[in-house]
Each structure stands twice: as structure tokens, then as C-alpha cells.
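Protein chains in written order, with the UniProt record's numbering: chain A, 1 to 312; chain B, 1 to 201.
Don't read these hints as lab results, they were simulated from the structure. Note that CB positions come from ideal geometry on N, CA and C, so glycine has one too. One or more hints might be untrue.
[Claimed, not checked] Across the chosen pairs, the derived CB separations fall in these ranges: (1) A/197 to B/137: 42 to 52 Å; (2) B/172 to A/109: 26 to 36 Å; (3) B/46 to A/61: 18 to 28 Å; (4) B/174 to A/304: 49 to 59 Å; (5) B/48 to A/9: 51 to 61 Å.
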Amino acid sequence: MKHLLSAADLSRDEAQLILDTAEEMRSLADRPIKKLPALRGRTVVNLFFEDSTRTRISFEAAAKRLSADVINFSAKGSSLSKGESLKDTALTLQAMGADGVVCRHGSSGAPHLLAKSGWMTGSVVNAGDGTHEHPTQALLDAFTMRRHLGSLEGRRITIVGDVLHSRVARSNVLLLSTLGAEVTVVAPPTLVPVDMSRWPCATSYDFDAVLPKSDAVMMLRVQRERMNDAFFPSAREYTRRYGLDKNRMAQLPDEAIVLHPGPMNRGMEISAEVADSTRSVIVEQVTNGVAIRMAVLYLLLSGSNETEEQTA
Amino acid sequence: MSPAQRAEHPEISQPPKRSSREVLDASDISRALTRIAHEILERNRGADPVVLLGIPSRGVPLAQRVSARIQAVEGQSVPTGSLDVTMYRDDIGLKPPRGLEHTDIPADGIDGKVVVLVDDVLFSGRTIRAALDALGDIGRPRAVQLAVLVDRGHRELPIRADYVGKNLPTSLVERVTVHLTEFDGEDAVLIADKAPTGVKA
């Protein structure tokens, strides 16, 4: 593995390796010294063209716990706001000797361009590109589910909400099906992408019918900032049909868990009671996010580049 | 990878096809571990301060076996765990990334204890150096001791073992392989003539 651009690039063995490595990384949180020397002397650049709190902080914490040097680079306050191109930014990072670039961009495919253009030699990690993919979020979701449910083979996982604008949903469907889970996507017809039939999952418009058959329910944020059209009549109607509240949660099997990639719209796609309930693993997802990102950075950056290119 | 998982991979459990001779058989290994258990008790005047940490992969079952022998002799269990040193190796940037092995530190920690590191083969000493660094991030033991099943010489660092199952003079082109029932279906120490690529030191 040289880059992590899409959850689709991961084979089952590679995905399991990342999850197993993350399991070891997570035990670090219990130690007095939360630091490992694996990436000493390596430089990781957090290149964020879009606003983000938890993903950027999570990657920063992960890189620092592995002893890498971290440079944070956000579009606001940089030359990007003066109109610098992605290429010139990449050349600058290359000249500074970035070993790894964590990229979030509003345009789908920007991390792919960074990785494949030859502008820079470092590893690229996709931290969310447009409405395309967010592979580390899918990995941390799978990791969280695996800790609660055991193996994901044959587990029924339901992803609910704004699938059309969600990079989290796409990455999760791809990764979870690679890991053997049965994924069902539930969304209003207006928020289902046109190519949905090619995704390795089932589709439903009826949340209540799917609930009793779910081992885990993942609620997606309604992304109002990406909505330039009337996708549903009103927030109340959306909540009534696709929101997870106490009554709906009661229909879930006893062991089922509730996930949300955050940030939550409390009262919209998820009620406060559900978000704060014992079934909710939303806070745990954040903790696990650091472990997953440590595992990804470790596996991408700890080895020698020369050997990697030979075997790739 | 657990022993059970490893047993499912026939390519790992098959004995090597190259010409190799057995230098220790199952009963030799058993006697060596019994002696090491007694030496650990003698040196530390009992089992009280001792924590056994095996270095994956084959050091872990060896530590458990020594632990069982100490339990049989003293009637007292010794905290036993494992310590993965992958991220502390000095060649970490020179080789392709490796998966991590499991680290399991006993609940009471290692502060003020006598940590006995257990590994299968002592060769260059670089694994043990990495283990010492790893211990430093976990706590401050009163002392660190080293137990190995085989010491084959050719040290590249000033490190020595406190408890040795067998001193095995070897040449650098030879390869020492330790087989344990937990991973390989048999107990044996083998010497092969030529080191294949990717040799485990």
C-alpha cells in the first residue's frame, strides 16, 4: 500500500491488517506514555481545503503519537486563498519533503490527482473528497462495529440518510461489503445517487421495515451546506420518516448499536435521547478514529519507499 | 496471529524442506525451560518480583511455559504477557511495513518489578535493544533480565542473556529455526546450512 484513496482499493486482507493494527494502537491509550517511535523523522502534512474539526485533529493526534512531525495546512489563511493551484501546492509540499499528505478537498478526486500526477512522491491519504469517499471514516466505523459485534461476516448493517451527498456512506458500503457484511441503505428517493444499483448493497425507502433486522444502524448527517435543491419537503417530515428516535430505537435487536460519523444534527436525523443512550457508540468512534489513523499512517509511512515501489 | 490461526496456515506449519539437523529435541527444550525456571527463581529469591514478557512470536509461548513451570514449583502464578517490539526496531524505515504483534502487559504493570524478557533465539541483540526501548515507554522496572532458548552468538550490540537454554556456536550463513508445538506442531531447534532470503534473526 502506497496511498489510501478509496475504500474500494482495500482487499479483505489489507482491511483486516489495518483493523488488527488499530487494535494494537488502541491499547496505547491505556499507557502512561502515549507515544510510539515508529514515524520518527517523518513529516505528515495535513492539507485541508475544507473545514473539519474531528478529522483534522484526529489525524494530527495520530501522527503525533507516532512521533511524526505534523504540519497543518488549511486553505484559509494560506496562499490557496490567493488562488494557488493544487499543482503548485503539491510542488511546494514536495520541495518541503512531505512523506505523507493527508488531504481533504471539496472536489471529488483531488487526492487521487495528488497521488497519481507525479507532482509529489509522498503517500496520500484521502481524508474526504467532495461527495466521493472518506476511507478512514469507514475503517473506524468498521473497527467500532467489530469491537462490539465481533466479525462483520454476515452482519446486517443499515446506513440511513443523505446518501447522495455522503462520502461516508460510499466508503462504508464498499468497505463493509469487502468485510462480508450485508449492507442496506435507507434514504428518501431524492437522496439516493443514480448509480446506486451498482453499489454492493440493498436499498430501501422504509426505515421501520429494516430496523428489526439490523445489527448496527449508522445515521448520516443531513448535509445542508451541500444541498442546493429541495430534496425533501421539510425537516420535520424528514425526521418523521428517516430520523432515529427513542421509539424507533426500541425496535432494534437488543445487541444492536447506533453510529453517527458526526457532526450530528440533534433533533434532525438523530434525537438527543438516542445520541446519549447506551447503545450509541458515537463518542467511542472518535477514540477509535485516532487508532485507525495511527494504523493507516504507520502502514503507509513506516517502511522504506524503495522496497514498497518494488513490491507494489 | 494466535497459534490457532497459525495452525490453519499449512505453509507456516510445514517443516522446512532444506537440509537441516536437529540440535534440540522436545525433551531437551523441556529440560532447558525447567532449568531456566529454576534459575529465575534462584536468582530473584522466589517468584514475587518477577514479570515474564515474551517477545512475539515464539517468545510468547516460551514465556508461558516458563510461567507454568514456576507455578508448579512455587505454587504461585507469575504475571506473564507479551511485548511487541516492531515499532522500536532500528530497521523500521529500511524494510517494508510490518503488521504489529500483540502487546499484553499484565494488569499490575512493570514498575518496580523484575522483568524477564523471553525470546527464542539471541543473535545480533537488536531485538532485545528494541525491547528495552519499548519497556522504557511502559514503565520503570527494578531490573530487566533476559532468558533465551538458544544463544547463537554474533552479537552486534553489548547485550547478553541471563538465562540460556543452549549456547549454539554457529556460522553466519547458518540459520537457526525454533519450532514450537503452538505454531509448528512440534518442539525442535534446527540448524540449516544456508540462510534463505528474509531470514529471521
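The hints, checked one at a time:
Under the hint 42 to 52 Å, the C-beta atoms of residue 197 of chain A and residue 137 of chain B, about 51 Å apart, fit the expected range. Between residue 172 of chain B and residue 109 of chain A the Cβ separation comes to about 51 Å, which falls outside the hinted range of 26 to 36 Å. Distance hint check: the CB atoms of residue 46 of chain B and residue 61 of chain A are about 43 Å apart, inconsistent with the given range 18 to 28 Å. Between residue 174 of chain B and residue 304 of chain A the beta carbons are some 27 Å apart, a value that contradicts the proposed interval 49 to 59 Å.
Checked against the hint of 51 to 61 Å, the C-beta distance between residue 48 of chain B and residue 9 of chain A comes to roughly 52 Å, which is consistent with it.
Checked against the numbered hints above, the structure breaks hints 2, 3 and 4 and satisfies the rest.
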